[in-house]
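**Q** One letter stands for each residue in the lines below.
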Amino acid sequence: MENLLELHNVHTFIKQYHILQGVDFNVPRGTITALLGRNGAGKTTTLKTILGLTPPREGKIIFNARELKGMRSFDIANLGIGFVPENRIIFQNLSVEENLKIAERKKGDYARKQDFIFSLFPDLKRLIHLSGTNLSGGQQQMLAIARALVADNSLLLIDEPSEGLAPVLIESVMAAIRELSKTSTVILVEQNFLVASQLAEYYVIIEEGRSVKSGTMAELVQDKATIHRYLGAA
Amino acid sequence: MDNFKVTLRKNFILYITLGVLTSLFIAAAQGMDSKDFVITFLRGLAVGSLTFLVASGFSLIFGLLHVLNLAHGTLYMIGAYIAWTVFVRPDTFVDILTPFVLLLSGFVLQGVWAFAVTRIRLAGAMSKILPPAPLKFAGWAGILLSLLILFLTLSRYPIGIWDVTVFAQSPGTYAFMADQGTRAVPPVAIFEKISPALAILGLLAGSLLGAFSLTLLAGVTSAPQRLTWRHFAPFGLLVLLGILTLAFNESLTAWLVGLNSNWLFLLSVVIAVLTGMGLGGLMEVTLIRPLYVRHIYQIMLTLGMSVIGIEIVRAVWGRPEFIMPKPALFSGTGPGCPATTFADWWQFNCSTILILDGRVRVYNEIFIPLVGLIVLVAVWLLLKRSRLGMVIRAGVQDREMVEALGINVRQVFTLVFALGVGLAALGGALAGPSFGLSYHMGERVMLNALVALAIGGLTSYPGAALGSVIVGMIQQFMIKYGQIGIAIPFTEIIFKPSPPIVPASTILLMVIILLLMPNGLLGKKE
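In order, the protein sequences belong to chains A and B. Under the numbering used here, the first residue of the first sequence is numbered 79, with each subsequent residue one higher. Under the numbering used here, the first residue of the second sequence is numbered 5, with each subsequent residue one higher.
Each hint should be verified, as a subset may be incorrect.
Rough simulated footprint, nothing fancy, chain A against chain B, three-plus residues with beta-carbon under 8 Å [claimed, not checked]:
{"hint": "1", "stretch": "396–402"}
{"hint": "2", "stretch": "407–420"}
For lysine-lysine, the following DSS-like pairs were computed, each having C-alpha atoms within a straight-line distance of at most 27 Å [what the hints assert, rightly or not]:
{"hint": "3", "chain 1": "A", "residue 1": "179", "chain 2": "B", "residue 2": "528"}
{"hint": "4", "chain 1": "A", "residue 1": "260", "chain 2": "A", "residue 2": "291"}
{"hint": "5", "chain 1": "A", "residue 1": "185", "chain 2": "B", "residue 2": "388"}
{"hint": "6", "chain 1": "A", "residue 1": "184", "chain 2": "B", "residue 2": "388"}
{"hint": "7", "chain 1": "A", "residue 1": "147", "chain 2": "B", "residue 2": "140"}
{"hint": "8", "chain 1": "B", "residue 1": "388", "chain 2": "A", "residue 2": "203"}
{"hint": "9", "chain 1": "A", "residue 1": "93", "chain 2": "A", "residue 2": "147"}
{"hint": "10", "chain 1": "A", "residue 1": "147", "chain 2": "A", "residue 2": "191"}
{"hint": "11", "chain 1": "A", "residue 1": "185", "chain 2": "A", "residue 2": "260"}
Selected chain A positions facing chain B (in silico; Cβ < 8 Å) [what the hints assert, rightly or not]:
{"hint": "12", "residue": "171"}
{"hint": "13", "residue": "179"}
{"hint": "14", "residue": "181"}
{"hint": "15", "residue": "183"}
{"hint": "16", "residue": "194"}
{"hint": "17", "residue": "198"}
{"hint": "18", "residue": "229"}
Bear in mind the hints are in silico, worked out from the structure with no lab data behind them. Glycine is no exception: its CB is placed at the ideal position from the N, C-alpha and C atoms.
Whole structure, please, built from the sequences with the hints as guidance.
**A** As structure tokens, then:
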């Protein structure tokens, strides 16, 4: 299968701290890949490095046969990468509609994608004129995901979508991710192994800034030893 | 109803403070007759408007870029002097136009330079003849050479200008003559030391070389794949414009001098705003941008810039204060004046109008607040309704996320900086005919603006407006009561606030409000 994204021995520094110390993995086109690992292992930094928000110092990042290293982050995003940050960062000063409109890359993106977005998240349609401050946690998460869907993105980077959400909300967010993975490739950072194992087809385990293990999720679910060693969960 | 109660409880201190301020205002209004009140109130609005123009730009820049631009007052002052120059000495403006446009021309070829630099790199990489170090060296050498060429050309370039050392040719004298309607245009400056063709060639060569060397030094992040005529069109237009303004220098000057003073005034304000925006953009790109990670250096840099700006103004326009003449629309004094109704004013263009028996100066006390109001609404619409405004509001909260959406935040930063400085320049240009021009006009308004922002809330746009109006009102009422005195109730004492109390009173209010509400009246909690 063809790879949409390839990371080769990526090293990233934040100030003087060597955060990523060699991350290697491939993301096959049209799949969901989960980045797993403990807190502080470097999963979020990996996503930010792909986007150039914390630029890599060494290594190669190839997206759609293009080298991303050295590009500015908005140029990288404009190649078709959507980002759903952790803690569901939505713009509080903007209304729900503006939060979606700001993600337009071409005029009319929002008008075109409106129906798709509201079919995934019917709640948002009702809240469209509300300001970002008045949303609940689950609504904010849905908005953050919806925002990444407005432009045509072939790759979505989703960071901790289930964090701090009630189980029933997690279900609906998972359903949405499953639905949108039909049209784009997804990299998912997820602490909740149960969620990750149900969604993803591939996994990469990151430990202390290095990618230590990768493969298909089906294998990992069987491999209790690995799960126990790196994720500390059964 | 519940909602109402919740808002009331949340903003309790705010409402109390506003209530106290309103009752103070009513008490102050009761203490004087209607004639004095109208004038004082309108003057307060006028000072508030000018303060607002500076404060709003300052707060926009601080809110998005987190830059405390202490040079903002100086840029306000520069706006005033530029508007004055265009209005009083159109010939100087026309003379400067040609070299300015030609200087700019090389820099609009950015795409071409980027293309050329990448080609050089490719060729160098293939033959290993040009490692990066000599490229840097060539860049510096090119800049120095370009500066030398520009210096040699510009120092010989004829520009008709005033002379600050000779009284008869000083800016003040020209301002006075223009005000009297005897606009004496000095003889056109002629090419003596350099031929026009050589001057054009020198300016073009300097500009092209300078722009190319800068690109070489700064490096290229994105270059066009192919060059088309579009990359050259702006350059061609600018060169054509430069040559045309040179060829028609005299007739252009004559046309501007003969122009209706209202249109000339409008033109000078527009030029001042555009220059301010250009200066702001240039400042952000060259000086502020490298220092985003070092805030303390930024503050020192902008402080230094403000001092340098003041010295430049003193060197070019001289130390004495002078006033910019008012356009004809606001300077009529003949029969029918002072006007009693606005219809009369429109007919006779009186400089003053009678409102409630108070003799109000139309430009100072009606026009300036009106412009302030228009800008208030326009910028508010820009922030609330346009895509740029949306990006600004989002960027204030989280720049990284805006960038991750594929928006060039740096470009937006430059734009906002330019916009903020443009607002300040607009304020300065408007202040010229009412408050006059002096090299410390910027410091005064800057102090007012900072106090206004502290009162209203540093990054709140409505807060900037509210704070500015409060500052303007307090100052003007204090000045008025300094003249008529405050009758202290139950006593015979009439208290006349002395002039130093005027600035002190606003600062006192600021201290009280900050003690009650540390984020200002409308500022958000950090």
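**Q** Against this structure, judge whether each hint is valid.
**A** A quick look at each hint next to the structure:
no. : hint            : result
1   : 396–402         : holds (count 5)
2   : 407–420         : holds (count 7)
3   : 179(A) x 528(B) : holds, 25 Å
4   : 260(A) x 291(A) : holds, 26 Å
5   : 185(A) x 388(B) : holds, 18 Å
6   : 184(A) x 388(B) : holds, 20 Å
7   : 147(A) x 140(B) : holds, 23 Å
8   : 388(B) x 203(A) : holds, 21 Å
9   : 93(A) x 147(A)  : holds, 18 Å
10  : 147(A) x 191(A) : violated, 30 Å
11  : 185(A) x 260(A) : holds, 24 Å
12  : 171             : holds, 4 Å
13  : 179             : holds, 7 Å
14  : 181             : holds, 5 Å
15  : 183             : holds, 6 Å
16  : 194             : violated, 18 Å
17  : 198             : violated, 19 Å
18  : 229             : holds, 7 Å
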